[in-house]
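*Asks:* Chain by chain, the residues run as shown.
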Amino acid sequence: MVSDSSAQLGEAPQATPAQQAPNETSGAPASGSQVSPSPGESPGQRSSSEVLAVLALPAAAAVVATGLLGPWSPAFGRFCLVALLAMQARLAGRLIRWDRPWSARLLTMASLLPVPLALAADDGGRQTDLLATVALSVGCALATRGRPGANGFQAAAKAVVTFAAVYLASRHSTLVWLGLDGLAAMISWAASLLAGTNLHLGPTPSGLWTLLLTLALAIPPRPWSFRQLRARARPLLVYLLAGVGLSIALVAAQPRLEELLKAAAQGIMTPPAYLLGEADQPGNAPPGAMATLAGTFALLAVLLPLGKRLGVFGLTETWPAAALPRQAWAGVLLVAAGAGVLLTPPQARPATGAVAFHDDGFFDFSQPERGRYGLIQAGLYGGLKELLIRSGHTVRTVDSAAVRAGLTDVAVLVFINPKHPLDPETREAVWKFVRAGGGLLVMGDHTDLFGIMAPLNDLLSPVGIRFEFDSAFPLRRHWQNSLEIRPHPITAGLSGSVETQIGTGASLRLSSATARPLILGRYAFGDYGNRLNEGQGGLLGDYRYQLGERLGDLVLVAGAEAGEGRVIALGDTSTFQVLGLPFAHAFIRQLFAYLAHPTPSRIWRMLAGVSLLGAGLALWITRAGRRSSVLPVVAAVIAGEALALLLPRSPLPPLASPGSVAVVDGRLAPGFAFEFFADHSYGGLFTAAQRAGFLPVADRDQGPAMLDGAGMAMFLAPARVPGAEDLAALQRLLARGGTLFVAAGGKELDAANTLLALCGLRIEPIPLGPVQATWKGERLDFFDAWAVMAEEGTTPIVHARSKDFTVVAETSAGGGRCIAIGDHRFLDDQRFEGEKQFHPGNVRFLDALLAGGLKP
Amino acid sequence: MIRGRTLLLGILLSAVGWQLWFGETFSGMSAAGLAGITLGLGAVAASLPSSVGLARRAAAILFVLAIQFLTAHTLELQLALWKDLPGGAELLSAMAHAFGLDSAPRGGNLVVHDGNLLLEYRPSLTRMSAFILVMMLAGLAGTAVAVPLARARAVLLRWGALLCGYALLRTLGLLLARADLPVQGVEVGPWFTLLSWLPALVLAPSSIELKAQPLGTPFATASAAMALGLCWTLAISWEDPGRPKQGRVMVDDSHGDWERTDLPFDTKEFGRRAAYSYGNLYDLLGWHYDVRRWTREQGPITPAALDGVDVLVLKTPTTAFQPQEVDAIEAFVHRGGGLFMIGDHTDLFGMTTYLNEVSSRFGLRLRSDDTFDLVTGSTTRWTAPRWGAHPIARLVKEFEFETSATIVASAGIQAPIIGTALGSEEADYNNPGFFGNIKLDPSDGLGFFLQFATRHVGPGRVALSSDSTPFSNFSLFFPGRRELVLATVQYLNRESTPLRLVSWLATLGALLALSASFWLRGGMAAAGGILAGVSLGTAVTTLAASSLTLPTPKAQIPTVVFDLDISKAPFPPGLITDAQYDMHGFDTLVVATQRLGLMPVFSHDLRQSLQTASVVVLVHPSRRLSTQEQEELVRYVSRGGRLLVMDGLLEPGSETNSVLAPFGLSVVRQPVRPTAERVTPDAEGKVYRFTRPIHSVAGGFPVLMDEEGRALYAEADIGQGRVGVLAESATVGRGALGNRFYDSPNAEQQESYNTVFLIFRQLLEKRP
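Heads up: the protein sequence lines correspond to chains A and B, in order. Using my numbering, the first residue of the first sequence is number 4, and each one after it goes up by one. Using my numbering, the first residue of the second sequence is number 225, and each one after it goes up by one.
One or more of the hints may lead you astray.
Result set (BS3-like, lysine-lysine): computed pairs, CA atoms no more than 30 Å apart in a straight line [what the hints assert, rightly or not]:
| no. | chain 1 | residue 1 | chain 2 | residue 2 |
| --- | --- | --- | --- | --- |
| 1 | B | LYS990 | B | LYS778 |
| 2 | B | LYS990 | A | LYS839 |
| 3 | A | LYS311 | A | LYS388 |
| 4 | A | LYS839 | A | LYS388 |
| 5 | A | LYS839 | A | LYS422 |
| 6 | A | LYS265 | B | LYS663 |
Far from chain A, by Cβ distances over 10 Å, these chain B residues were calculated [what the hints assert, rightly or not]:
| no. | residue |
| --- | --- |
| 7 | PRO329 |
| 8 | ARG330 |
| 9 | TYR500 |
| 10 | PRO782 |
Everything labelled a hint here was simulated from the structure, so no lab data went into it. Note that this is a predicted model, so its numbers are computed, not measured. C-beta: ideal position from N, C-alpha, C; glycine also.
Isolated chain B (complex conformation):
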């Protein structure tokens, strides 16, 4: 007999562990999640009777682990797609009424009057703890197959009903106590989740029988398990590699003036309009594809306009599409065209409304909401999953949103980016930008959300991004943005083939294999089979996904590489205005280089950078270069490469001079003695002196000097290349240049910009 409550406790612990691992409501707790999973599976093993040997226990654990792993991956997408239980608000309202709470359903939410208090409550699936519930059911099903249990389906039905009933009562209890509890902690706190599920153990049967005589041969069991693992893996992560197209891209500039592609972004045009434009995006696409724009003057988008186009980019429309335009775009996609739609939060300027006119033809819509991180309350950051990532996601790896909306989609989509631990609040038309209060309220959504989705439409493909800001000039070249744009266009520049149906077939196959598993004997055959299936599936999907790579540029792109390997300086990627970055933040410098026609790139591999970069920038070097690296750096410069090294008083690079030594340059720290005068006249007339350190450059040719003749920026020509040294990095920090989002620089900031432009022009200048 299996100890029922121990088993349920183990499954609950592992479910909470998986929730933490996937970060549904709480990010940054992967280690705790792993501990929860381990503890939980340990408890599952302990629940088995002593008659079950060690090998069989291990097999059972492995099988349950595999099932939970696949279920969690499936759930992540499904809970991003299905946020609410149909009729859930009505059901909960009726139940709450029975207990004396005045509540009424309204648009999927509940309006609750609890004594003095009014609150709007959204009974979403996340609030109903659907992740935990399904993971527990999956754990039970895994155990039922792996051990296996007697009358497994009856046991599962009974336990399933019990757990579903408990989940409903738990939701009801939390609703009834809603006004008395803190919102945030209760709805996202893992401890609270665990504690609030513990009473379910009391309801569990104390013991469960094992199957006396398991059916099936080990071969049949292993085959079914392998089929299950393979099919499930393919169902989760298969993506049709597709057939490449010619790479003819058209960007629609005809629906509004927001994020235009034809505005200059140079050393003269500053301010919001220049910052929020897609000029650099257009250039980036042009470096890799044949790109053109469709302007208002050319009239509505027609089928003829889309002739000879492989990928159409619709971005941030602030005027409506005519029905004929929508029809033309739909037909274009059905013919095999690629459509990239870029929207933004809170229906700003009507973008969501207008874009949804098109996207809804393909089963995708943007919500009129904005998102925030449940833990930090700020903008959200996504990192690619460790397993089963979409081909686009494999190429992007990380992405910092700058307040996205969320996506509603029907089944059958692919989800390159699923946001975790997100809060989503409806637009508040009373606030600037239509943002809400950017904190979790009972009416807000939370959990997993789609932030970037793709879909096959016959041979065509569509992609929808819920945030437009990261592709603006001031953000485009920060980590993940450029990669996402290029990977998406590259993905859309492929025509889908019948292989796109593999995931549907795999889903069907997984369901059949799962059903068959209940008749089989479990044990090591099942564990080995499912692991083999998952491994095989992973190999197949990885192979298919690896056919998508970032495009190679048509010609050499002038790039400035900001090193993150030996440098020690922050380049805040998001819309962060924290004053801590005023002196040390160099994100504005990065954007300033774009104004000179350079493409900034961030690199964690200095040696890799030296292969392609026009300019390499080292800020506050803090790691000693190896001999090999030093030699390569010298070779890079000698071949004609440009190297800019920056040091600073507040954050001096410990290895600045060792990097500069081969070039005969160094940064010198000198004490300077300013004279201080007393505010109150001193009868004795003493002179007071202080000292303060100041950096200057020794060696090379001084380009910028202070009044006392100290070199603040100096250069040295080495072979065909050049090395520049800036003694004080704060000169080009955010404090000097202002933020990069939309500010127009004042006179002082303009001077700092001039310094930046001068330094890079000097560096890049061709000299005889």
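Only chain A is shown next, with the shape it has when bound in the complex:
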């Protein structure tokens, strides 16, 4: 249906002939509707605020779905998204025509089906949330098609689909990403002129995404039609200029705006005086976090009424929907299938081959060892070596001469913080190795530490990746909700900062379309280094955002392909170090598995994908007609992308020599935070396991499958009671001689005692408070101790007691060991082993306990 293009959005329907005559496209006339409008209202008479809501809700949902409103919890984002989608559906529900043919109803239902599916699937990268938004927007537009006042849904759907297409394209295509980054740079440049300061913002804090979204609302149905464009040129131009101008003004005002927002938030939340200045107060809010939010609201609040006034949203759409011949719909399906085939990432394959670490004399494979305590000196890459070996790789170090001689039996070559530039011959040998199918992993660190920038940039110049002289500093501590993880084989299944364990490193600059950003610090700034801050200062800057520093969308991990080989570059090494590895083990294994295999030929898949795509497009063009919207095709591509995303991925193969792996439970809501050097962190637990000869890995989602490959299972203050499968896996672990280690206090008795029941122990609700015990003449300190007791018939080995109560006990069960500590705070970093301090008695006691060296 093509309506009168002069009809204004939201106004009472003009009785145009096209609307008066029932036709196939619009279905039954409005009089047949079962909608029951409010008294005094007709379905077509929508209040001005309602009209704006029809446009704003999907737009806001799209921004929320992509996590562009700040470093908020994804769960909270999803809550807001569901609320926005529900409101959108409610508005649409008042216009839905329930008297349509079954086929149309089915189509409407089918268009909404992805909403629950997408919300149920959690990809961490939030693409499924975007898919749900697209699906609902399109669904609402289809469902309300032909109803007076419904063209707002169509305009919104068009904008959301366009936005989603650009957003997804930017995640797959470096060119698109570079283009958007360039646009953000232009906005920053203009804002710098306006504000008289130097600003350098990425696409997210510059408000580019919201600008694109609001501008997309005004895209005419056939933008390629010069006649249509010319007819609408003036309002469109005003709208465009207003949008761009407002964006520039917002960026220029960003520093001041931020201060105002902080003050407002502080006032609204009215904290008492004694709490002012604490880290969680908005007065200390990080830069850019709230300005993005405010900018989005400002753009929507100004541009939507303006656009409505100018009539740029009033252009009616062509929504062929059910009126299209089936062949056209078949074309859409083929397009979706083609997109899915093309965009499906390659499945991970088991890791094989040798990993060679380039050693220029400083390489450090150290790991925690007895007698050297304090997490700051726990060790560097020893754990990485162990993990790689257990993953099926062989590991060795090579020098430049070996590289020059040819790395014929090496799958992956690793450079970590090279301090000297490679000589041209070695450099050439490296790239020859890569082009022949080798994997190259290059890791550096922040602010030209040890003079690494020149060697790194020289090495990576063929793929256009450069290390900046900065440290990428997150707006939230430990990169909480601050990362943008892009689809790639090495990032499959990752949802945030816990699994990547990125710390403080340099940001990367991509100067070529060859390279591709894989992990971005979306909410971060590039803190300039300071060459005067030498020594322990590590040339770091002041950790504060200064105008002129890059704000937002910093590249932290980049990838590239060269010949048949693959390259991954990281601006930070924390992931691979002793403390990062227990949480990042899956990421590391995926990364090495990816690098260890040459890039397969994708010609057949490409041929299949392009064929499907081509056939689909051909069908669409020939059957749908020239005047039809391209939106269904774009939506089909997005659906294909989503299909590819939702395909199950093959799990990582189990680690070799499982007996030496210690699985630290993260599934049963344990009483430790998944971070280090903070309250409730338990880094010492991991180093103690390593000192006892185990490779500690944290388990946050696998459970029994992981326990079956473990030699020790460690549970720390679990809140959730384990299920039967977990207990069965633990029984198997004990049967093969493994160790069950439980440290808990009075709050976790249910879960802890369910575990300890496997071996005849239990923790009693008897608080002992802070108590001391003696072991081998050393003082042991317990901080919040609870009594450990044995079930009747079980004779425990008591390792530590205070007065009449046992605090640490051990039993044998099924051939394995069970250890119970009635105080989980015994292992708290503040008390056990912290960054620089440790409790000598407690540390030595646990070392001996885990190694089985304690005697009754």
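Starting from the structure of chain A, add chain B where the hints point.
*Replies:* Relative to chain A, chain B alone:
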């Protein structure tokens, strides 16, 4: 048609206003609360259609106001009793999981892993905004009756479901964003509360119909409304006056050594043990009742031991009660005995555990927690409610806690003290005193808490205090403490009568009257009826409560009155160690007078003080006495009264000399010229001089003089009495004496104590 969203906005504003007025999470905002209530009710009036006349609007507002007033009073107690929604943690955990948040319920709390962060979250009713929710429902119900609405119950059901659903979603949203938001501001901030409830307006229906033809006659409406007001008022604040008993009090000293009653508190015994003892409390009770103690040497408490006892005081037990003892105490109460239990925070020394063995027999328990003020982060202060106060609370008026626990109680208790804007944190056995971090965390409780509760047990009565420190020697005579002890013992020294059942019957009557109201016509009859009912109920309860008065002493008690009427000096009542009180704080002086056998009393009425005081102390007098007051002061001294006037350099009393003039005394400010020498030798050998002011006393007989013969403390005998003047109050300030809590004085502080003892002994000395 009523404008639905305007009505809901008005009800929301007034609910937030009531929350501020009652100070659930934010104290000291009564004025803002009043503004919120006024604005809200204004919006309710504006939401009514133009067909509703001015009188009917006013009636509606009055009715809604009365309903909200009674509901808020009811809620205060109920939210102090019911802190959590049963199953709330499990429900929220399941909902949070659906949105991808890793959370697990644990003991009523939620353990949440949000990315890197770990937090423990307590989904209490206060966090769920239950006060606002119920107040909004009450406002709607009031409107439904007052206007009245068509299909009122259906409308209420629908709106109730909507608001409950919104409250749940709001809680869920805040939980999901918990790691991203500041704790304190979000959970206690009134603006945040208001803003976070505003989206509920979007869900509200835009219009509501009025009832076309109201039922019932004006008389029936007024009667039902009056019954509602009367019954509800009685249900909230009725207290059985009881029958007085003989006043035989026994204090249990047999369960531990903490706060013993038999330790000396005199001019020789100092330090923690002397400070934290109940010797003065025992003396205080002895001045008013027949009191004895039960010691460890006398064995366990048996029924025989409780024979001839009217009130038993169990305080701070640090050893367990034997089951037979608990049985004996329970039987004692059931026979009509009064039981006063005094516990403290964080299960210190096992006190909570041991005391709960007894108190749980009567449906009362102490939590193992400590409390702090949500606004200041320090110890908490309670002031008696303006309306409906318990008879004990009427006699106490204000009370400064020195870190209390909180009380868990079942329904049917009375609550003389409900703490407002409190944070409550579980004991942390890793810290000294088992305190937590004394700041609001997501796992802490907040809002209203019971801090002092009483219960009728047949003819017997029990009372439970959640803080023992204010009754220690070093605190007992600060405002509110003495009154609370005496009022409680006086209350327990009465046997309950069947009139105690009035509150239950009144509750039933209120529910029936409320149900009946929905069938009636509202309007002025309803408003007038409910106001009359509340007034009548208030009169009845006030009359009943006024039968409880503080006991009169058996004999004259030697009292030292510290005047707060014309004096200008702080006597910090709580455990405040702020250095600002070193020079000007005189709380330690107050406690020092107890060591001389005096009972310190604070008075805001000088003329009243002059009736009974042995000694009146004026510190830095800063208000000119009226002629009448001056004459009475002279008469008081002439009759044999003692007057001590203190002045100071840093805080000179502007009226010191006008007060002293009739006695021929004055304080003189003189410049003194000390010589200064240069640190670096000066070749020219000049002499440098400075001047500094110094106070001395002119007139009277100098008792203490400096080396140059200036009188620092002087006295004058006037008639049969005596007037003493201390020129420099800092001599007896906290800086000189040390704090009063537990420090043992060093040599210098001991000398200052000697000065205090000397001055008061001199003043009180009988001379021929």
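*Asks:* Does each hint fit the structure? Answer for all of them.
*Replies:* Okay, the hints, checked on the actual structure:
no.: 1; hint: LYS990(B) x LYS778(B); result: 23 Å, holds
no.: 2; hint: LYS990(B) x LYS839(A); result: 69 Å, violated
no.: 3; hint: LYS311(A) x LYS388(A); result: 62 Å, violated
no.: 4; hint: LYS839(A) x LYS388(A); result: 25 Å, holds
no.: 5; hint: LYS839(A) x LYS422(A); result: 27 Å, holds
no.: 6; hint: LYS265(A) x LYS663(B); result: 22 Å, holds
no.: 7; hint: PRO329; result: 8 Å, violated
no.: 8; hint: ARG330; result: 4 Å, violated
no.: 9; hint: TYR500; result: 20 Å, holds
no.: 10; hint: PRO782; result: 42 Å, holds
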